[in-house]
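Participant: Chain residues, written in single-letter form:
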Amino acid sequence: GAGVSQSPSNKVTEKGKDVELRCDPISGHTALYWYRQSLGQGLEFLIYFQGNSAPDKSGLPSDRFSAERTGGSVSTLTIQRTQQEDSAVYLCASSLYQGANYGYTFGSGTRLTVV
Amino acid sequence: GENVEQHPSTLSVQEGDSAVIKCTYSDSASNYFPWYKQELGKGPQLIIDIRSNVGEKKDQRIAVTLNKTAKHFSLHITETQPEDSAVYFCAAKSWGKSTFGDGTTLTVKP
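Protein chains in written order, with my numbering: chain A, 1 to 115; chain D, 1 to 110.
The set of hints was computed from the structure by calculation and includes no laboratory data. Positions of the beta carbon are idealized from the N, C-alpha and C atoms, including for glycine. Check before you lean on any hint, since a few could be wrong.
What the hints assert, rightly or not - Among chain A residues calculated to face chain D with C-beta under 10 Å, some are:
#1 Y35
#2 A88
#3 C92
#4 A93
#5 G109
#6 T113
To be verified - Listed next, the stretches of chain D that the computed footprint assigns to chain A, with coverage defined by at least 3 CB atoms under 8 Å from CB atoms of chain A:
#7 56-69
#8 95-107
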């Protein structure tokens, strides 16, 4: 597609439920990133995928968070047993390549609210 | 790992004035420095970038400077307009992921 597409745009869930957030990157972009942005805060790195390489999971805050990328395209971020502190905007970005000199194209994000 | 500091956190200017946002980074291996603009309810958008073999880059009213020795880089916006009001993020990248500053909320008063 023309841009990075994220769904849903908004998600309200009850504490303890599992949620799945979807990201559809720009066609041909080999790198895909997930970041989290809490209200009024900066961008916290979660995980990134590059081609068929093992993902860099170093930013995942706990083992309740996981992500996969199928067929080198669409990615799903799963949060199990959601907690109130998980409330944030989850941003997905894609890049032509993971190397330096390649900037990101971000989606509009999924606003997650845990009640 | 990389650490990026950004100042100021908020900046208010009169329309037509200039705005400057500054960032420092810690990892000397970083060699790509993008700037992103985030409007309310949207994801950040890349507005300009600079690579480590370049000291300055300009695109119309925005410019970015880089001092690799001092490990700092800056965004300059001239002749500011109300539509420049947004949150601006700097970032540093060597390989893999970018590390972002905490953002600067720029308000341009008409």
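Participant: It remains to establish, for every hint, whether it holds in the given structure.
Facilitator: Now the hints, each set against the structure:
no.	hint	in the structure
1	Y35	8 Å, holds
2	A88	13 Å, violated
3	C92	8 Å, holds
4	A93	7 Å, holds
5	G109	5 Å, holds
6	T113	15 Å, violated
7	56-69	violated (count 0)
8	95-107	holds (count 9)
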